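Q: Protein chains in written order, with UniProt numbering: chain A, 1 to 408; chain G, 1 to 408; chain H, 1 to 408; chain L, 1 to 408.
Heads up, a few of these hints could be off.
A pair holds if it fits inside one copy or across any two, identical chains being indistinguishable in the list.
[Stated by the list, open to error] Cross-link-like lysine to aspartate or glutamate pairs, in silico, DMTMM-like; alpha carbons within 25 angstroms at most:
#1 Lys164 with Glu88
#2 Lys203 with Glu35
#3 Lys245 with Glu88
#4 Lys307 with Asp381
#5 Lys245 with Glu359
#6 Lys164 with Glu256
#7 Lys60 with Glu406
#8 Lys60 with Glu271
#9 Lys245 with Glu330
#10 Lys164 with Asp239
#11 Lys203 with Asp119
#12 Lys245 with Glu256
#13 Lys245 with Glu170
#14 Lys203 with Asp407
#15 Lys60 with Glu109
#16 Lys245 with Glu35
#17 Lys203 with Glu406
#18 Lys164 with Glu207
#19 Lys307 with Asp191
#20 Lys203 with Asp113
#21 Lys245 with Asp395
#22 Lys307 with Glu68
Since the hints were made in silico from the structure, they are not lab data.
What you are looking at is a predicted structure, and each value in this text was computed from that prediction instead of being measured.
There are 4 protein chains.
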Amino acid sequence: MTAALASEYQRIRHTSAAICAPLARDDYQLQSIVETSPPKWHLGHVTWFFETFLLQAFVKNYQPFRAEYNYLFNSYYQTVGSMQPRAERGLMSRPTVEEVYAYRAAIDERMADLLTHADPSQAQAIAARVTLGLHHEQQHQELLYMDIKHNFWRNPLRPIYLPKTLPVREATSLTWETRAGGLLESGFEGDSFAYDNERPQHKVWLEPHRLASRLSTNGEYLAFIEDGGYQRAELWLADGWYHRKQHGWQTPLYWEQRDGQWYEFTLHGFEPLDLAAPVAHTSYYEADAFARWSGNRLPLEAELEHKLRELPITGHFTNSNTFHPQAGTEQHYGSLWEWTASPYTAYPRFQPLEGSMGEYNGKFMCNQWVLRGGACITPADHIRPTYRNFFYPHDRWQFSGIRLAEDV
Amino acid sequence: MTAALASEYQRIRHTSAAICAPLARDDYQLQSIVETSPPKWHLGHVTWFFETFLLQAFVKNYQPFRAEYNYLFNSYYQTVGSMQPRAERGLMSRPTVEEVYAYRAAIDERMADLLTHADPSQAQAIAARVTLGLHHEQQHQELLYMDIKHNFWRNPLRPIYLPKTLPVREATSLTWETRAGGLLESGFEGDSFAYDNERPQHKVWLEPHRLASRLSTNGEYLAFIEDGGYQRAELWLADGWYHRKQHGWQTPLYWEQRDGQWYEFTLHGFEPLDLAAPVAHTSYYEADAFARWSGNRLPLEAELEHKLRELPITGHFTNSNTFHPQAGTEQHYGSLWEWTASPYTAYPRFQPLEGSMGEYNGKFMCNQWVLRGGACITPADHIRPTYRNFFYPHDRWQFSGIRLAEDV
Amino acid sequence: MTAALASEYQRIRHTSAAICAPLARDDYQLQSIVETSPPKWHLGHVTWFFETFLLQAFVKNYQPFRAEYNYLFNSYYQTVGSMQPRAERGLMSRPTVEEVYAYRAAIDERMADLLTHADPSQAQAIAARVTLGLHHEQQHQELLYMDIKHNFWRNPLRPIYLPKTLPVREATSLTWETRAGGLLESGFEGDSFAYDNERPQHKVWLEPHRLASRLSTNGEYLAFIEDGGYQRAELWLADGWYHRKQHGWQTPLYWEQRDGQWYEFTLHGFEPLDLAAPVAHTSYYEADAFARWSGNRLPLEAELEHKLRELPITGHFTNSNTFHPQAGTEQHYGSLWEWTASPYTAYPRFQPLEGSMGEYNGKFMCNQWVLRGGACITPADHIRPTYRNFFYPHDRWQFSGIRLAEDV
Amino acid sequence: MTAALASEYQRIRHTSAAICAPLARDDYQLQSIVETSPPKWHLGHVTWFFETFLLQAFVKNYQPFRAEYNYLFNSYYQTVGSMQPRAERGLMSRPTVEEVYAYRAAIDERMADLLTHADPSQAQAIAARVTLGLHHEQQHQELLYMDIKHNFWRNPLRPIYLPKTLPVREATSLTWETRAGGLLESGFEGDSFAYDNERPQHKVWLEPHRLASRLSTNGEYLAFIEDGGYQRAELWLADGWYHRKQHGWQTPLYWEQRDGQWYEFTLHGFEPLDLAAPVAHTSYYEADAFARWSGNRLPLEAELEHKLRELPITGHFTNSNTFHPQAGTEQHYGSLWEWTASPYTAYPRFQPLEGSMGEYNGKFMCNQWVLRGGACITPADHIRPTYRNFFYPHDRWQFSGIRLAEDV
Ligand SMILES: [Fe+3]
Ligand SMILES: [Fe+3]
Ligand SMILES: [Fe+3]
Ligand SMILES: [Fe+3]
């Protein structure tokens, strides 16, 4: 096994703990809505992933750290056994935070052992699986930011994750790039890591179209609100309108008006709304209605992918230590995940991974929409042009944003 | 206005009443689940469509037949005003059945007048709208069959819509046709009628693939059940598995086992299950799981469309007066709507119709899947190769079937 | 068997049909909320009661009219077999109205036969059971009025059950009668008919108290509303406040404000609110909050019973053919059922009837409150001083009213 | 102010913290069902009670410890302001456990100051309110035991609150005491502390009856189960039967069968079921069905009160440090709260306390049933013969037991 992989393992595993460092012990336990998970659970689950799919799979006569953890920390792998119901992850006071960190330490030690002494005949298979495990852990790092934010939001004391004064910048002006389309390749091809849902590379026909140069701003979204956007059914998808009414949506998640002034809850505090910054935390329904109101549409995932292929992977990622999108930044990569007009489905000839790993992505290909490009809570080395993120059209707690597109 | 259109109007309007002829007065009122509507409501709603979008739109100083009907019989046109909640259509004991038929007669008379005396400058617009209204009414004729079937199913007395002995035929053997794919045109182009969601015609790339020669049968589906299909999570989409468990699904809708013998509820009675006949009334979730179990997949909508374009529009439709699919018939058109692996979304450059008519199709382009080809409850002249039907992945009361496909 | 009983049977059975005479066929089917039942079901259920508990019980080798009716028309007698779920009574389009009337006619004929030719050794048992069946049918006659009213209310066309101009009278002034209390007898004793829940007679201690001379009026209740009664939590029981908020109550059921004028929906039409008439259709929660706001309390059931024992059984009942309470009438009997501050529980040494008849009353002795005195929809010969009606504290569709009481 | 009261204050306040001593930090946060509250919340709420109703009320220009706590720690006092929704108490990760203990310390200091330096003119009012606050805190001590038990139960690791081997004793034989009844006094009279709902003392008539000499045992309850008690609708109240089916009850809460052996979850571990020990954690519905199956009934609250009046207040309380009921103990006081057949309603001439304190008890007098006598989690000095505890008929997480009664 290469030392590089072992070092990468240490680095990424360490990052998960570092993300939780600002938390009080009490914060580790919360599950504010069924979609979020307690930080403690995330820390245990990603560890369970290594124990189950590396140690159990590749170590002879492996003895589990603690047998019950297979039930507690299994997320959704039906082929691995039954699991704590998702809605009840917040009920796990035990194992304690200390015990979960002890679990992490023990598994890290065993993993170090595996990485050092693996049978050469298995080295490649192990390396591939470890790489998957590390990407998996990075996904949960994103979830940690998202979930911590939501947990804090539900607390009337509005705790601050990382006190920080955000810079105020001007928004760049929105321009349109015309793109030719044609019969193009989409999806991942190559030897480096990509999820199964990015494969195989395949042909797709794109019509000529235009892409906006930056994300839509809070100011632009506020104009939609003030123009009655949340009251005009004709702007909305039928399911979106129903959802909006049922949940009383009047703004994106995390907005709040006090004494005529708009505020936004961020991981850096409850701040006056920055009109120049990208609008964040809208559902697909809201993004779609906003685009219709704007006289535009949302881009297809292949349209965005082809733009991303042309660009260096730079932007506003977690290494900025700023966990809220900013005006005036390059926004194709990072900043906010961009809603696309593409439902999340299988590419032609899609093959899920073998065995339990096949449950990772394929079984979610229904009722969700693709988002592209990463966000300010994405690790910089976790994104690719072909990366497909996906959420339900009503989800809002993820760091989602809106890039407009239009037909030529 | 052409006499042909007036005659077509009379023919199609008459058919709706004919479909309801076997009903008892009591049957007109039922809404067995929120998805179905009472026959009485269908009869009123399609009439309201003509009154609202033809008479109101084209007759000067038009006086509504009865003002409250705009509330009662509006289905989902937010731009036309508020409406009786969908879930409460079954609470309308008034207007009575007699009053609804009187409403139909009155509007038919006014429509005859409009068709005869329309201002020539408006003739074309009126003809286009009437044609839309007639296609709309034909859609509701399908719904009448579907809804009556479900209403009757919920009644422990199991009423029979049309007593009839169904022929027992052998199933043809399943063969596979290899199809080349390539860069093809999809969608409707031309002057004859098509819904906005079938337009515009556009290019789509298809990989080489194979299509099954006939629909999957009850016998084949029973093998899936007996192989534990409803108990094996790994065969299912995550949302489908959740739904299956929550609703306790163990078979398609309308199947029932008594004393070890399988039965199926049909519009012609509660009959022993015909193993050679196409399996009907599965959800997308079940169709998808069955296809995975079979080692195949469901076809894309463009794959089916290209097959349909090659064939004459013949098959098992309502003119057969048999409202249940049969073995041994041509099944590309008619018989059962075929689930596709394509979410229902907008074609490139899709433009909804102007005004309220834009609410007809576009706003449903989220969370639903396309079905193709028509069914035995479809009027023979209501189907086209480009016709896109759509339902939620959990819906089962529509006449849906399964055609397998696979990659080459 | 006495001819008197046979004649009574005919009279009461006929009354049920007469109550339904103003209905359209379409009205027979409706179940507007889970608490109500379709008129057609009531007509069938009371008939099933005679078939099951008289014909099945006392006729040798009795052949049921139709076996499935035992499932369809059983209300809640677990000992008699399974039953159509209560919430799905509105889904019975079959049997049709005609078939239900045919069922009634057939059972009436068989009952006539039983009453004429009963074995003398069984005559007394049969007479007792028939008497119970007739009181049962009278209870359902009340339910018919209540349920028809609610069904009509949910229809935007607001049908009128019986067109009639209600007289406008002055309210009598409210005076207080001081009553001594002491160690008194409560409950029924004697040979004539009473339900098991009225027995046995037993001692109860009452403190001195005062009873209001008439029911509280719409005008008085409006003052409560205008004083913020529905916004002041301190006036409400905790469960009531929760319920009020969850359901958005701001007035009694059937009130509606249009252009600043209050209206009330009645079986005689949608009428301007008569401020002098008794307030009707409040829940226990509202009655209790109103009493607290008034500085009074609701009476105990024994307090009302002792007042009722002193009075002749006269008042506003169904023979008035006015199905809405009026000002200026004697209101101890009839007019509106009066909420009491007494939960519905068993009297000391209470014994439910033997067998299935034991399910009639006893199993409901939890979570409900007693109402006393009958209402304008009660048959005049159906009420007694000891009669205990009971509803859940949130129920509002029954004809309930408020009589205030206070401690001395 | 007497030093005795100050010392009592310290003792009882200290006990709350002592109860939480065995908890991990993680355990302080859990709310396993809406009825339970997190231990952290209990500790804050009882402190808020002293801050709000003593310090705010009696200290001039009092500055709140932290203004937001009035929202977070208000339970249900509508007159004091709005509050964190009950179902969301588990979402409070902040204040942290440390902050809550700091809050307790600060308020204790201020309370000590108040108790020492109170204006003599207010001393009596303050003493009365402090006494109420201490009884309030003792109630929450019971809730702490109940809630911790339920929280632990929901965790698959089944944490143990206090490891301890429970003694195994024989059950005493069940005998019946005949009691004469008559016109008796019920309720509290005197100068010492009692809640408003125990007052005023008033007359009540009791029939002669018999009371069981001890609580019903697990063995007796198991016989009920094995006789089909949970499958026989005729034994149950209608609401109870519905609830049982909906929630799938087959045993009391905390029972579990593994490999044919019954176990019970206790605060001392997951133990084999002790057949001689009193059956605990049944709902009213189950207690009532069991009594009916036994051919007996549950006692009235006045029947139990009169028995309790004759006995010294001794029994199995918290000072035993055993938090699970035992066989062979005196059980009239302590051990388990006994369900009565009496709905929780106001005594004649009941007057709630003035102001916000009036919300303490009165507004819950609907839909609940009275339990009597205290339990093994009740502080020995917290119980009286007239003490009325109350729970909803479906509640099971409280330490409830069954004493049978019967008519003579
Ligand atoms: Fe995961
Ligand atoms: Fe329609
Ligand atoms: Fe009945
Ligand atoms: Fe409290």
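Q: Evaluate each hint against the coordinates.
A: A quick look at each hint next to the structure:
1. Lys164 with Glu88: neither (33 angstroms within a copy, 29 angstroms between copies)
2. Lys203 with Glu35: For Lys203 and Glu35, the Cα distance exceeds 25 angstroms both inside one copy (34 angstroms) and across copies (38 angstroms).
3. Lys245 with Glu88: Close across copies (18 angstroms), not inside one copy (27 angstroms); limit 25 angstroms.
4. Lys307 with Asp381: within (18 angstroms within a copy, 45 angstroms between copies)
5. Lys245 with Glu359: Classified as between: cross-chain Cα gap 18 angstroms, same-chain 34 angstroms, threshold 25 angstroms.
6. Lys164 with Glu256: within (20 angstroms within a copy, 52 angstroms between copies)
7. Lys60 with Glu406: neither (57 angstroms within a copy, 39 angstroms between copies)
8. Lys60 with Glu271: neither (54 angstroms within a copy, 36 angstroms between copies)
9. Lys245 with Glu330: Answer is neither; intra-copy 35 angstroms and inter-copy 46 angstroms both fail.
10. Lys164 with Asp239: neither (38 angstroms within a copy, 40 angstroms between copies)
11. Lys203 with Asp119: Neither, since 40 angstroms and 51 angstroms both go past 25 angstroms.
12. Lys245 with Glu256: For Lys245 and Glu256, the Cα distance is within 25 angstroms both inside one copy (18 angstroms) and across copies (24 angstroms).
13. Lys245 with Glu170: neither (34 angstroms within a copy, 45 angstroms between copies)
14. Lys203 with Asp407: both (20 angstroms within a copy, 15 angstroms between copies)
15. Lys60 with Glu109: Classified as within: same-chain Cα gap 16 angstroms, cross-chain 61 angstroms, threshold 25 angstroms.
16. Lys245 with Glu35: Classified as both: same-chain Cα gap 20 angstroms, cross-chain 19 angstroms, threshold 25 angstroms.
17. Lys203 with Glu406: Close inside one copy (22 angstroms) and across copies (18 angstroms); limit 25 angstroms.
18. Lys164 with Glu207: Intra 44 angstroms, inter 52 angstroms, cutoff 25 angstroms: neither.
19. Lys307 with Asp191: within (22 angstroms within a copy, 37 angstroms between copies)
20. Lys203 with Asp113: neither (44 angstroms within a copy, 54 angstroms between copies)
21. Lys245 with Asp395: both (15 angstroms within a copy, 23 angstroms between copies)
22. Lys307 with Glu68: neither (47 angstroms within a copy, 49 angstroms between copies)
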